[in-house]
Amino acid sequence: MFHDISRFSKTSDYFALLNGALMVECVVIFLSLKGMIHSKTLKYWYKQYGLAAVIADVCIVMIGFLITRFLYPFSTFHIVYFILLALLVQVIHDLGFYAFFSAVPRGANGMIDTFKDYGKEMGGHAILGDSNIILFSCLVASFMAGQSFNTNMVTFIVTLYFIPYFINI
1 MFHDISRFSK
11 TSDYFALLNG
21 ALMVECVVIF
31 LSLKGMIHSK
41 TLKYWYKQYG
51 LAAVIADVCI
61 VMIGFLITRF
71 LYPFSTFHIV
81 YFILLALLVQ
91 VIHDLGFYAF
101 FSAVPRGANG
111 MIDTFKDYGK
121 EMGGHAILGD
131 SNIILFSCLV
141 ASFMAGQSFN
151 TNMVTFIVTL
161 YFIPYFINI
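Residues in the sequence shown are numbered from 1 upward in steps of one, following the numbering used here.
Derived from the structure by calculation, the hints contain no laboratory data.
Hints are supplied without guarantee of correctness; some may be wrong.
[Unchecked claim] No more than 25 Å apart at the CA atoms, straight line, and that leaves these computed lysine-lysine pairs for BS3-like:
# : residue 1 : residue 2
1 : Lys116    : Lys10
2 : Lys116    : Lys43
3 : Lys47     : Lys120
4 : Lys34     : Lys120
5 : Lys10     : Lys120
6 : Lys34     : Lys116
Given the structure is predicted, the values throughout are model-derived calculations rather than measurements.
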């Protein structure tokens, strides 16, 4: 069921990784805008920044995948070890990013201001929310790595198709 996504040099996995990040992002958008994730700031994030928010969210998950794959020290793939390392990378990123955006003066960048508002609204739960995104992105990506290129392409196109509609719920 779970396939190896830990090899940094295995470029054929990038499509599955992108699908994992994009599919989870699609679910988060839907749940957020339907009020199943209780955050006014997250709703604002998607409504205000739209596709830019999606690109930022998906890219940071992909960067996390890149770092995790680069650092993965085991010769054998274990989904649990991969997820734990990905979560460590994510928590370090979240703390570092918090330090960065805290130093940026309010009003200098609207997206950064939204991160500040989200941090204030959610507190430590923001890290838990990001951890869930990483967890499920890893699981979906690992599953998708075992699927054909055609299945990944169809999944990508269909998921991408739904995102603009979900943003405008």
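The hints, checked one at a time:
| no. | hint | result |
| --- | --- | --- |
| 1 | Lys116 - Lys10 | violated, 37 Å |
| 2 | Lys116 - Lys43 | holds, 14 Å |
| 3 | Lys47 - Lys120 | holds, 19 Å |
| 4 | Lys34 - Lys120 | holds, 22 Å |
| 5 | Lys10 - Lys120 | violated, 39 Å |
| 6 | Lys34 - Lys116 | holds, 23 Å |
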